[in-house]
Amino acid sequence: MTAVESDKMTTNTSTLPHSRPALPRIVTDAMPVVVMAVGGLAAFWLFPNDLGLLTRILAAALFVMSLDMVLGYCGIATLGHAAMFGTGAYAAGIVAVNWVSDPLALLAVGGVAGGLIALATGALILHARGLTLLMLTIAVAQIVQEVANKARDWTGGSDGLSGIDPAPVLGLFRFDLYGRTSYLFALAVLIVGFLVARRIVRSPCGLACRGVREEPLRIAALGGSPRRYLVSMYAVAGVFAGIAGALTAITSGIVGLDSVGFSWSAEAMIMLVLGGTGRLYGAVIGTVAFMAIHHILASTDPFHWMLFIGLFLMGIVLFLPGGIASLSARVLPLVKGGR
Amino acid sequence: METVFGIAVDGVAYGMILFIISVGLSVTLGLMRVVNLAHGAFAMAAGYVASYAAQTMGLPYGLALVAAVLLTVVATLPLEKLLYRRIYGSANELRQVLLTIGLTFVIVAGINYLFGPTLKRIPLPEMLTGTLDLGPKSIPTHRAFVIGMGAATILALWWLLERTSFGIRLRAAVDDPAMAAALGIRTERLYMATFALGTGLAAMGGVLGAELLPLEPYYAIRYIVLFLAVVAVGGAGSIFGSAAAALTLGVVDTAGKYLIPNFGEFFFYAALILILFRWPHGFFQGRAA
Amino acid sequence: MSGTLRGALMGAVFTIALGTGTAWAGTIKVGVIAPFSGPFATVGKTFKEGIEVYQAQHGKTVGGDTVEFIFKDLDQANPAQSKALAQELVVKEKVGYLAGFFFTPDALAVAPLIDEANIPCVIFNAATSAITEKSPRYVRTSFTLWQNTVPLAQYVAKQGVTKVATAVSDYGPGIDGETAFKKTFEAEGGRVVDSIRMPLKSTDFAPFMQRIKDSGAQAIYAFLPAGPTTLAFAKAFSDTGLKAQGVKFYGPGDITQEPDLPALGDAAAGIISTFNYSQVHDSDLNRAFVAKHKELFGSSDTVTFTSVGAYDGAHVIYKMIEATGGKSDGLKAVEAVKGMTWESPRGPLKIDPDSRHVTQTIYLRVTEPKDGKLQNTEIAAFPNQPDYGFKVGK
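Chains as they are written, first to last, in my numbering: chain A, 1 to 339; chain B, 1001 to 1289; chain C, 2001 to 2394.
One thing to keep in mind: the hints can contain errors.
To be verified - Cβ-Cβ distance ranges computed for the label pairs, FRET-style: (1) E1002(B) <-> G315(A): 52 to 60 angstroms; (2) E214(A) <-> E1002(B): 53 to 61 angstroms; (3) N98(A) <-> A2381(C): 39 to 47 angstroms; (4) R1086(B) <-> A30(A): 49 to 57 angstroms.
Unchecked claim - Covered stretches of chain B (chain A as the covering partner; in silico rule of three or more C-beta atoms under 8 angstroms from a C-beta of chain A): (5) 1095 to 1106; (6) 1126 to 1135; (7) 1220 to 1231; (8) 1265 to 1272.
What the hints assert, rightly or not - Derived list of chain A stretches under chain B, where covered just means 3 residues or more per stretch with a C-beta under 8 angstroms from a C-beta of chain B: (9) 152 to 159; (10) 266 to 279.
For the record, the hints were derived by calculation from the structure and aren't laboratory data. Beta carbons are placed, not taken as given, at the ideal position from N, Cα and C, and that holds for glycine.
My request is simple: use the sequences and hints to build the entire structure.
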């Protein structure tokens, strides 16, 4: 089964509730949010000593979600998404070191920066397709990384940008040693981000992007400009990636060149496809699975990790093309059928 | 003038190494429409085999090269049958990327397990060490040898694809697989042979290029972007395109590093963007040979 | 009630998953963050071996407390991950000391954390001078680019070399090296005829060699991160005929680190470097160190600067534990080792009270074949070299 087919299957399952009143839309809509909130708080309660790692996972999940808006909904294969993440992180970091330290303002700064760079580069490269597009995204990210490396006075170059000391959230909650504030802040940002992202992909523009992906000719025939839709969605995803970058900068207090690196882009793509594309919450599932397994395996022997993730990836591609999130879509009908 | 000559010679030498490794990727991408990110891993594995054969078993360089190419082809053929066959075709791009990244990780872990994380080398024979004098500029003999091998590869591939019945059937299968099958061409076998060809070229490039791209387990990940760049610029499936792309990128990279070393990286990627902007399908739009 | 439930849940589900820090009375934990995987995996390995050799020679207890080292993998420069790991070590494993750190950004990332938790951080490698300025709780047992480069530049000037080209990788340590060399060499009356900063991802070095050739330099000062790039650089240097033309190759000793020598082969022969440690350093302590390493791990081929960085780092941590009587007090522990002097396998060491960096002997070495393999033979020594880069700024 191809990726396209698997996505069509997803579309089908999400329209199922209309024909089957058993699960009204409001329930299916609320479910991911409830699961995220409850799961997030449960993790907070169960792993009070691992909040540093968990916070990183949440910020990464937001980043992967933004990649899903590009890859899953528009079909743009990119290996340069870290350009937006890194730009957002550096923008927020530089502003925090020099001028403003309010966390919410920093998130906004990161979002604007990520959105602008996505808009500028998206307009430049989105005419291409396939391998050419893939190379262009890589090249853009490499140039952004080089700029960050060269602008040592602002970014710290390869030493990293340190000394980011954000003010308390809403002036009330200080960022503490145990990372409690960081974690809850990141969780709130992720959930709000998810809700907003879902509104966007269901908006006319989001649906048009899906259409562009599946039937570009038809969109053109209807009088829409496929490229304009793609560029707007790319820019919107850039805003989310930038916010994710800013969130990482705020919660970790430092930004390094790795945040614009090729491997970060590639990892995000792996996490997304592990979880499943084109449904936003798949990004969250994939990120949690990937980073948690990485944490466990890498602490025993890192090369086991590479072997394992390699086999795991191959297994997913061969046997579960829709990603982990498609498991429920595959299993649920069986369960219901049995009832 | 001397500077221009120097840049040209160094650039061509570097480009030829890129060409030998990348052309195999271009062949499989152009013919089977598979983005094989494990290509670099195959090149690396061959390099390790050659290193083992030459250093531990004491085989001469030429034999080590042949052994590495053959072994790599034989070892990867089952992968074609088990994995790659399921993902041929351009509709599967994303799955191809992930499956081959997964395969790359497995190979990296395996190589590290077998040979350890330190650098490995393939000792050169006496006649390939030293430098060759070209008037105002001298280049390493090994590089001259690689340039020669690259040129020979271009000719051999051209002959294979344009002048043999294998080439004719192959091009027919690429243009219209269904029709080719109806005419009695056994596409499965054809694909297998092409895959072997691509891997063999990767293996050869891995061994010949080891002087420039040193062997270590992360080789497979470190240089894949470079190889992809050559294929994207050249146009998938085009041998002359790959050669032109590799030489162009080699010269651009060399010129950038020589003239403005502090911004060498900018120069390379900016050139890449400009080229892809002008020729979005590569120099020679994807067609066999 | 809730506590029991929570404990049971945690125990049942996640003991296996995340591992537990079994803390018992009288154990002092030291968290070591370093690359154990990826392109720099050998670094983590040498850190670990250095510590284990130290513990084998000096025991695992200090004043009745057992010292336990906990290792965390950080495969590449990734400051956000570094901070998350350090946080985990502090709040979950309850470590009293942090140590390790190969890359500068990873070390810098933990500054706010060690200050808030009042924990000393002993750096085994990360060599940018500015690190120890960022927190009073940093102590460093490695070297800095300035420390190695200043005596080298003075030596080069004394050899009658007047024109040098510098070629460094375009990142923090490379730029440190370039600045240190230029400043010292020009103060000695020499001239730097070309300063080349090479992109970190360079694979083909021929164009840089052409540039060096065209600059008419009599010698080069080069610094690149150890590993494949150094190999390609050294090869290009000899392949393009620069070596044959008599251009001298100088650099800090990172580029001829022992684990890379077999792969570097003949290309490395003749490189003159300055460094704080060579595996073949001539002293009883070093012979004992290398012998113990061989006894424990079967081979001593990879013993190198990171091994002694960790070995001496372990020594500093032991002394800190001794001084604080096992109680965790970062500032007091750091205070106790300021000005401390001791004899290490690499020679006499002293923790400078101001920079909290080791003042040490820097050796001039030449890389040459001996008994069928390459080694870094020490040919001169410059005693009592401080970190010249401390508070120089950028």
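These are the hints, each one checked on the structure:
Evaluation of the 52 to 60 angstroms hint for E1002(B) and G315(A) yields a pass: the beta carbon distance comes to about 57 angstroms. At about 57 angstroms, the CB distance of E214(A) to E1002(B) agrees with the hint of 53 to 61 angstroms. Distance hint for N98(A) and A2381(C): a CB-CB separation of about 45 angstroms, consistent with the stated range 39 to 47 angstroms. Evaluation of the 49 to 57 angstroms hint for R1086(B) and A30(A) yields a failure: the beta carbon distance comes to about 38 angstroms.
Given as covered by chain A, the stretch 1095 to 1106 of chain B passes the check, having 10 residues with a CB less than 8 angstroms from a CB of that chain where 3 are the minimum. Under the rule that three or more residues need a Cβ within less than 8 angstroms of chain A, the assignment of the stretch 1126 to 1135 of chain B is violated, with 0 such residues. Figure legend: the stretch 1220 to 1231 of chain B, annotated as covered by chain A; annotation consistent (5 residues with Cβ-Cβ distances under 8 angstroms, at least 3 required). Evaluation of the coverage hint for the stretch 1265 to 1272 of chain B: fulfilled, as 5 residues show C-beta separations to chain A shorter than 8 angstroms, against a requirement of three.
Coverage of a stretch by a chain is defined here by at least three residues with a beta carbon nearer than 8 angstroms to that chain's beta carbons; for the stretch 152 to 159 of chain A and chain B the count is 0, and the condition is violated. Check on the stretch 266 to 279 of chain A: 5 of its residues sit with their Cβ under 8 angstroms from a Cβ of chain B, so the three-residue criterion for coverage holds.
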